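2 protein chains.
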Amino acid sequence: MNSIKAYIQENRQRFLDELIELIKIPSISADSTYKNDVIKTAEAVKASLEKAGCDSVEICKTEGYPIVYAEKTIDPNLPTVLVYGHYDVQPPDPLDLWHSPPFEPVVKKTEKHPDGAIFARGASDDKGQMFMHVKAMEFMTSTNQLPCNVKFMIEGEEEVGSKNLGTFVQENRERLQNDVILISDTGMISNNTPSITTGIRGLSYVEVEITGPNRDLHSGLYGGAVANPINILNKMIASLHDENNHITIPGFYDKVEELSQEERAEMAKAPFSLEAYQNALDIESIHGEKGYTTNERNSIRPTLDVNGIWGGYIGEGAKTVIPSKAYAKISMRLVPNQDWAEITELFKNHFESIAPKGVKVKVKPHHGGNGYVTPLNSIGYQAASKAYTETFGQIPIPQRSGGSIPIVALFEEELNSKTILMGFGLDSDAIHSPNEHFGVWNYLKGIETIPYFYKYFTELSK
Amino acid sequence: MNSIKAYIQENRQRFLDELIELIKIPSISADSTYKNDVIKTAEAVKASLEKAGCDSVEICKTEGYPIVYAEKTIDPNLPTVLVYGHYDVQPPDPLDLWHSPPFEPVVKKTEKHPDGAIFARGASDDKGQMFMHVKAMEFMTSTNQLPCNVKFMIEGEEEVGSKNLGTFVQENRERLQNDVILISDTGMISNNTPSITTGIRGLSYVEVEITGPNRDLHSGLYGGAVANPINILNKMIASLHDENNHITIPGFYDKVEELSQEERAEMAKAPFSLEAYQNALDIESIHGEKGYTTNERNSIRPTLDVNGIWGGYIGEGAKTVIPSKAYAKISMRLVPNQDWAEITELFKNHFESIAPKGVKVKVKPHHGGNGYVTPLNSIGYQAASKAYTETFGQIPIPQRSGGSIPIVALFEEELNSKTILMGFGLDSDAIHSPNEHFGVWNYLKGIETIPYFYKYFTELSK
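Respectively, the protein sequence lines represent chains A and B.
Per UniProt numbering, the first sequence starts with residue 1, numbered consecutively.
Per UniProt numbering, the second sequence starts with residue 1, numbered consecutively.
Please keep in mind that the hints were generated in silico from the structure rather than gathered at the bench.
Here the structure is a predicted model, which means the values were calculated and not measured.
From the three backbone atoms N, C-alpha and C, an ideal C-beta is built for every residue, glycine too.
A hint or two may mislead.
With a straight-line Cα cutoff of 20 Å, these simulated SDA-like cross-link-like pairs (lysine to any residue) come out [said to hold, decoys possible]: (1) A/K357 to B/Y292; (2) A/K360 to B/Y292; (3) B/K235 to A/I247; (4) B/K357 to A/K357; (5) A/K357 to B/M267.
To list a few chain A residues with every Cβ distance to chain B over 10 Å, as calculated [stated by the list, open to error]: (6) K24; (7) P101; (8) S239; (9) E263; (10) G308; (11) I322; (12) S417; (13) D427.
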């Protein structure tokens, strides 16, 4: 990959400007108000792939938001890399916690990003990380160094559960044939300690609704005599964890992959400072499942978190009401071997069974996906490891992540190929939070590293 | 009270029209957006009292919304009745459950109100019930039948805890001197079974805030490893009731007035159908403190209800977030002898003590007041009983209510006089709920009954 460093140096400002233009479009897939912006983003991605030298670029319709698909075939006998990414972003709220508007990107220096970081929703997740692949592609085509075939599949519904990607993949199995799938939608330990994510958690996301009386009631006249849906919801959710923070849903742990003491000892070698972790979050104490360390709790163990709760009067001042309804959004992170559809069913049955007679319960599954583990001895992992070693000057650490990319397990099932998660973000980049950002150094380092993956993957495949 | 029936018949439409005009002004004291409307309502009340024949009417400034004060003195040697009411109303949300806009009153017939009922926020609580006194006054002055002196004190902050009434009463003790206080802000059993409220519950209303990490976090990367403020809030609230639905705050029941078996047997005589109660609310089962009946649970027993809860992502779709903060509004209904300030302190100390180390807790007291019991042998109660007997044709049943009018206990302390709660609404009138309404028959029956209270109170005081 001759001249990659020089090419980046030369095009640095343009690479930044192009990404910033893409980030400015508020492609919030969870909120239908932004429908036109999501579509507009798909068109911008299409244009960028054309410019990067892809032969055919297409906006493929789905039942929801479209998938941008592109190809560049140089020789059918050479291996094919399928790049997956997403152009949709998380909702930006709570807005009042942002230091600058979420869709007006600004570049600011931080302690961890002395070269500056782009602050905006989607800066890292996943516009920034996805766009590194577009720019890496541009470099390889424009300098005639593309060593293999490439396909791009960039979707617009990742943040709402990739509802229509499964159907698209099933219906386009042939077209999507590949030798390895490459995704940048994860992080690494630090800019000085590169790492590659080798495991991700699965997810089951549900919404629950508790109905008590058929109308809101005066808490004086009815308080104490009828089931208050908020109190009941609190009791029900509270009962989902026992005193050791184990999840109490019957059968929940049945298929959980249990790591050996050796594997756990290996994990424990990753650099981690509990003090720095607590200080960064401004918490006095960590909190989680008894018998596991923080790094185990957020990677190899399943969890259950309430992501949103609401009911009754939440305005200014006071209202003495017993509401008719209370709601919560609840997600469970799953580990390899747990099947998300089965877990969703276990949750539903259990949650319905623990409701007292005075209320009615509805459990609505939102979306989900299974966990995944990348084998370290695969050609894909080895190519990625060599690529990082080339550009970072050190061997990357294999690491399990707590996040979920539900479609990775689906890809393996449907396309029968392994996925390599080459992430360049940091945990502190606040993805899904106010003030999300992505280091300029990280963005450019990603563009520099990706072409080496193509090179080594092609060489190792021979 | 000669000719009261004829007077009402003659002025029926005007009485309705005048009340409807007053209800149209959205005097929501809890929401500062409606500030001008609250003030406008005070002015409308002032005008109506002048029209009703009061000698001096004044809008008295407070730190918050003003108090409308009026007097009519006919002879210093005669007794003085002080009428208390409020011109502010509860917030109307959830708006989508109203069948007609909350501040565009409509008169519709219902099963319980064959003569029609006025549907609007404030129709009963308390504009309708308060305005009965204005119209009763108009009748007595215009027909020269006022038998004693009258004072009116109509406030605009009842629904937000009467924040400034205490100071006003303390600063105007002399001016407010009276022999009995008369309030219509409660209900009766049914139009065929008149009743007088002889006890009301106290109230302590607090807001709690749980802070976990210093920013919203991605639930994949941090889930299971840090305290989620919503999960924690749920656990903490759930722990406030034990398996028998007793409240677990240490000391909470220490001063609770325990009724004798005889008193409870007397209470149990009031007509009550559990089936009708459950059907009206569309619930399969009641729910409450073990060892007590429904009518005991909502009148002579203290309670703890969550009136509102919020935290995390509550928009459309899904967001995998661990929020930094979660909130709840919690109110406790108290019974006689429980001191609301003391209970608020007990709650605060207990709630702070049960928080795990990974979160910070704030408890903000909103407002409160003590419970109250009216002695059945008082002149005031006897006058009220005779007035109902005169107009309803049967002796009213004395009844404990679960609601709170915190200022009643304050009046006794500061003004040393007893309060009589002559309410004409029904429990089914949906006060504090969507589709609040007040029967036209009830409104007019109140106007008819009130002058008899003045008559009998003056006679019994001789």
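Now the hints, each set against the structure:
1. Taking the CA atoms of A/K357 and B/Y292, the gap is about 18 Å. The hint holds against a cut of 20 Å.
2. For the given pair, A/K360 sits about 24 Å from B/Y292 by alpha-carbon distance, which is inconsistent with the 20 Å threshold.
3. A distance of roughly 13 Å separates the Cα atoms of B/K235 and A/I247; the hinted pair therefore holds under the 20 Å criterion.
4. Only pairs whose Cα atoms come within 20 Å are accepted, and B/K357 paired with A/K357 is rejected, the gap being roughly 34 Å.
5. For the hint linking A/K357 to B/M267, the alpha-carbon distance of about 27 Å lies beyond 20 Å, and the restraint is violated.
6. With a closest Cβ-Cβ approach of about 21 Å to chain B, A/K24 is found to remain outside the 10 Å limit, as its non-interface label requires.
7. Separation of A/P101 from chain B is adequate, the least Cβ-Cβ distance of about 17 Å exceeding the 10 Å criterion.
8. The claim that A/S239 lies off the interface is violated: its Cβ sits roughly 7 Å from the closest Cβ of chain B, which falls inside the 10 Å cut-off.
9. At roughly 18 Å from the closest C-beta of chain B, the C-beta of A/E263 stays outside 10 Å, upholding its exclusion from the interface.
10. The claim that A/G308 lies off the interface is violated: its Cβ sits roughly 4 Å from the closest Cβ of chain B, which falls inside the 10 Å cut-off.
11. The claim that A/I322 lies off the interface is violated: its Cβ sits roughly 6 Å from the closest Cβ of chain B, which falls inside the 10 Å cut-off.
12. Its beta-carbon lying about 23 Å from the closest one in chain B, A/S417 satisfies the requirement of being farther than 10 Å from that chain.
13. Taking the minimum C-beta to C-beta distance to chain B, about 6 Å, the non-interface status of A/D427 is violated against the 10 Å cut.
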